[in-house]
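With the sequences and hints as input, model every part of the structure.
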Amino acid sequence: MIDLMGIINLNEAEEHLGELSRSRSLASIPFAGRYRLIDFVLSNMVNSEISNVGIFIQHKYRSLVDHLRSGKDWDLARKRDGLFVLPPAYTRTPMQVHRGDVDNLYSNLDYLYQSRQKYVIIAGANIVSNMDYRGILEYHKNTQADITVLYTKANCGTHDCVRSNILGLGPEGRVLTISEFKDTGGYQNMSIDMFIMKKDLLIELVNQCIARGDYDFVKHCIIKNVKRLKVYGYHHPGYVARISSLQSYFQHSMELLNPHIWKELFFKSGLIYTKVKDEAPAKYMHETEVTNSLIASGCYVEGKVENSILFRGVKVHKGAYIKNSVIMQKGNIGPGVILENVICDKDVHITSNKQLKGEYSYPLVIKKGRVI
Amino acid sequence: MHKKACVAMLLAGGQGSRLGILTQKLAKPAVPFGGKYRIIDFPLSNCNNSGIDTVGVLTQYKPLALNSYIGIGSAWDLDRMNGGVFVLPPYVKEQGGEWYKGTADAICQNSNFIDRFNPETVLILSGDHIYKMDYSLMLEFHQKQQADATIAVIEVPFDEASRFGIMNTDKEQRIIDFEEKPAEPKSNLASMGIYIFSWPVLKKYLFEDELNQSSTHDFGHDIIPKMLADKRNLRAYSFRGYWKDVGTVESYWQANMDLLGERPELNLYDSKWRIYSSNSPRPPHYTSTTAKITNSIIAEGCLILGEVENSILFPDVYVGPGAKVKNSIIMSGAHIEDHVVTDKAIIGRKTVLKQGTVIAAKKLDGQQKIVVLDIDMIIPPHTTIEASLSCSPPEDALCKREE
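One line per chain: the protein sequences are A and B, in this order.
With UniProt numbering, you'll find the first sequence wraps up at 372, consecutive numbering, no jumps.
With UniProt numbering, you'll find the second sequence wraps up at 403, consecutive numbering, no jumps.
Just so you know, the hints here were simulated from the structure itself, not pulled from any lab data.
Yeah, the Cβ is synthetic: ideal placement off N, Cα and C, and Gly gets one too.
Any given hint could turn out to be false.
No more than 27 angstroms apart at the CA atoms, straight line, and that leaves these computed lysine-lysine pairs for DSSO-like [as the list claims (entries may be wrong)]:
#	chain 1	residue 1	chain 2	residue 2
1	B	LYS272	A	LYS346
2	A	LYS263	B	LYS324
3	A	LYS304	A	LYS357
Incomplete in silico selection of chain A near chain B, CB under 8 angstroms [stated by the list, open to error]:
#	residue
4	GLY157
5	PHE266
6	TYR284
Okay, here's the thing in structure tokens:
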């Protein structure tokens, strides 16, 4: 048994994902052909033997709760510990503005008190990666740090680093500063906003923030305390995708078509779990042409698919040509349709012979359930 | 226990010896099928979809894979508070224990299990067939006819009828005659091996049969003829749709191939009648720029760099560049290296075909036999294999070694 509990704190800015986050939180945005973004961090926790996971949700959580249900698909439907979905508490004052994620942590402090683990890892849902937290906990113990921050070497010349936190590192990985990314390219030590600390310290930080009237966990609980506490950085050497905007969503989706990344992300230190759908395997017909693509189960492909990702249960009819696109669950692409640089949200139906085109740097997003 | 209208009993103890290598290491109902499933998924999913929530699975032959696969039945939503799935192996009693001597004996030995639910009817199923069927309609028919027993029948071509148990019926579907594998069949209504019995009636016949020393304790051989002789109310329930016995390697291969092409008779993509199965968490499969896949079924987790044609690939199969997989069934985790050719082959789970290997039987008079390779084999580079092969660890050079 590992002495570590997991907290998934859903507080990411999702407005930059546009139409994709209109009816859902960032955590439940579909990704990689069959998953939702939260599946990655949740599976990493489960694969690291964490058996107590609390998900602090903020708003628009219908699709997330529907996805998680009892937690059984992640082996988290347990008698002892398991999955806890923790919504913000309603206060008695009417019209009170919900200010930030610390409010939510504060109103669920009982959950933290009642958990029996000594250490806690706090993470968001916007990082897509395959990592094992067990080694990182060991590192945290060995350095005797108060807080360990996980980071990646991000190429901010080619990837979106906007609104990320960049670590200023001293000798032996000590974190001296954490500051918001300024428009400078090249490789940066980008925080992936995952923190390991003792549960007692987390409770202390939350209480302190509330006492001062602060409400943003990373800004006020962590960054404000960098000087006062012993904060260390842990470099995760593997693949990390930070989904923070529509462009980064599309760019990282396309990166999955590299079989090395595909292998690392889905098999390296454990499998990625998701809600089970009982679809039949994908079916290819006589005239099907599929190259450099990811095809999920339940797909029925008659047309041509190139550099694309098809989610579960997508139908591609004869003569259709899908290029550099992402078609989410149950998409129905009619005969003769041509799509390029398009993201179709769930249940989109494109009727015959339509041609839709976006740009690689600005993909065209078709709203959920739309018929075109 | 709550009273149940109907309890299903699934006969899953048969060896299925005609499947050869495929059932050497596991029971027939556990044999993989259709790129994802095992044969037993079909009757169990039919039960769930028909609203039958209490199923006893009778196991006997090599039950390890089958038992661990069934588990508590959650894959088919059969992990229930009242009812659910029960694995029923033979057991030792005060006067000593016995193996199941026949299909009827297997049910008889578990009559105490059925009595717990005090059902009006018992549905007898086998784990040998690929089909989708709504048992609740058959149950309705049984109740409406006030039958003692109802046997599901399907029309088969007359020239094949002598391979089946054949029913002769009157206009009201009353069975007047039953012949097991007749030389000159009088009708083409074949028994599908699916029976509904009124439980009190069946129980009486089972206990009588148990005392009969000359009986083979088989439903088709003993129980049904005895009930007919006693002029019981036996009815035939006609089923239309896809139904395939997968008792031989040829019929197993053909049933898999039947899934390919446009509008197959058995639709696995019908969300109203899903075939449930244990789902392994695998990513969508990857098809590379060099891959060419036509008329095939590909499961999740596969990595395809070569050519795949008219084939069925289970999860986690690797097909290397320049490899050609044709008319084949490739079980999960098989590793097909570059420039391998397989034609009309069944490759066992996790078997490795090293580069340049050719797996195909020689064509004789336009006929080509199916080559079956066992699980966990390792075939050295540039080998040509024209006949089925199994491996028996540990001394066999073609077996994978523990590392």
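* May I ask which of the numbered hints given earlier this structure violates, with the numbers listed in increasing order? => Those not satisfied come down to hint 4.
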